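Engineer: Sequences are here, hints too, so could you generate the full structure?
If you count by my numbering, then the sequence shown holds residues 420 to 552, one letter each, in order.
The set of hints was computed from the structure by calculation and includes no laboratory data. Treat the numbers as computed from the prediction; the structure is a model and nothing was measured. Think of the CB as a built atom: it goes at the ideal place given N, C-alpha and C, for glycine as much as any other residue. Among the hints, a few may not be true.
Unchecked claim - Pairwise CB distance ranges, derived in the manner of DEER restraints:
#1 Ile515 with Leu465: 53 to 61 Å
#2 Ala490 with His547: 43 to 51 Å
#3 Glu543 with Ile499: 47 to 55 Å
#4 Lys535 with Ala490: 26 to 34 Å
#5 Val464 with Ser508: 51 to 59 Å
#6 Lys545 with His473: 14 to 22 Å
#7 Leu480 with His546: 42 to 50 Å
#8 Asp502 with Val464: 53 to 61 Å
#9 His539 with Pro503: 48 to 56 Å
#10 Lys469 with Val511: 39 to 47 Å
#11 Ile499 with Val464: 21 to 29 Å
#12 Ser508 with Met486: 18 to 26 Å
What the hints assert, rightly or not - Below are the DSSO-like pairs computed for lysine-lysine, each with C-alpha atoms no more than 30 Å apart in a straight line:
#13 Lys472 with Lys512
#14 Lys538 with Lys472
#15 Lys510 with Lys500
#16 Lys510 with Lys469
#17 Lys535 with Lys545
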Amino acid sequence: MAEEKEHHHHFFHHDKEEEVPKDNKEEKHHHSLFHHDKEEEQPEVLETEKELKHHEHLEHLAETGAMAAAAYATHEKHEIKKDPEHARSHKVKEEIANAIAMGAGGLVVHEHDEVKEDKHELKEEKHHGFHLF
Numbered sequence: 420m421a422e423e424k425e426h427h428h429h430f431f432h433h434d435k436e437e438e439v440p441k442d443n444k445e446e447k448h449h450h451s452l453f454h455h456d457k458e459e460e461q462p463e464v465l466e467t468e469k470e471l472k473h474h475e476h477l478e479h480l481a482e483t484g485a486m487a488a489a490a491y492a493t494h495e496k497h498e499i500k501k502d503p504e505h506a507r508s509h510k511v512k513e514e515i516a517n518a519i520a521m522g523a524g525g526l527v528v529h530e531h532d533e534v535k536e537d538k539h540e541l542k543e544e545k546h547h548g549f550h551l552f
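Structural biologist: Okay, here's the thing in structure tokens:
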């Protein structure tokens with residue numbers, strides 16, 4: 420009875436090991452259909468998932484910026500007709516807003532490509548070791 424054994428039988432098991440005193444000779448057995456141990460996850464997969472979320476977030480921010488800049492350019496174009504006395508100023512603001520919208524659109528394309536690349540890397544990392552060749 421000096422040696423105690425702890426058995427766990429679960430369908431879903433998220434391993435959160437309790438600390439066992441080293442002088443106490445206990446053995447732990449875990450039996451489950453789905454064993455998920457946070458410490459055993461590949462750090463590359465976790466890092467790629469973080470990068471994927473980051474690039475998706477930046478893509479959405481860039482989309483929002485592009486739409487806002489395009490809306491402002493449209494507003495300034497309307498102001499040219501509405502306020503002909505300051506048409507030159509409104510025209511400059513419209514052109515700047517259009518340039519910003521184009522730049523934000525380019526950032527959207529870039530971030531979308533990064534998202535696709537991250538998804539591809541994630542797929543490879545998760546299936547690494549299961550290929551025949």
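Engineer: Take the C-alpha atoms of Lys538 and Lys472, compute the straight-line distance between them, and say whether it is at most 30 Å.
Structural biologist: holds (10 Å)
Engineer: Is it true that the CA of Lys510 sits at most 30 Å from the CA of Lys469?
Structural biologist: violated (42 Å)
Engineer: Quick one: are Leu480 and His546 within 42 to 50 Å, going by C-beta?
Structural biologist: violated (31 Å)
Engineer: Go ahead and decide if the range 53 to 61 Å is satisfied by the Cβ distance of Asp502 to Val464.
Structural biologist: holds (56 Å)
Engineer: For the range 51 to 59 Å, tell me whether the beta carbons of Val464 and Ser508 fit it or not.
Structural biologist: For Ser508 against Val464, whose Cβ atoms are near 53 Å apart, the range 51 to 59 Å holds.
Engineer: Taking the Cβ atom of Ser508 and the Cβ atom of Met486, is their distance within the range 18 to 26 Å?
Structural biologist: 23 Å Cβ-Cβ, so the 18 to 26 Å window holds.
Engineer: Against the range 21 to 29 Å, how does the distance between the Cβ atoms of Ile499 and Val464 compare: consistent or not?
Structural biologist: 53 Å Cβ-Cβ, so the 21 to 29 Å window is violated.
Engineer: Look at the Cβ atoms of Lys469 and Val511 and judge whether their distance stays inside 39 to 47 Å.
Structural biologist: Cβ of Lys469 to Cβ of Val511: about 41 Å, so the range 39 to 47 Å holds.
Engineer: Is the hinted pair Lys535 and Lys545 satisfied, with a Cα-Cα distance of at most 30 Å?
Structural biologist: It holds: about 15 Å lies between the C-alpha atoms, which stays within 30 Å.
Engineer: Does the beta carbon distance between Ala490 and His547 stay inside 43 to 51 Å, or does it fall outside?
Structural biologist: holds (45 Å)
Engineer: With a cut-off of 30 Å on the C-alpha distance, tell me whether Lys510 and Lys500 pass.
Structural biologist: holds (10 Å)
Engineer: A range of 26 to 34 Å was offered for this pair. Does it hold for the Cβ distance of Lys535 and Ala490?
Structural biologist: Check passed, 28 Å falls within 26 to 34 Å.
Consistency with the previously given hints fails for numbers 1, 7, 11, 13 and 16, ordered from lowest to highest.
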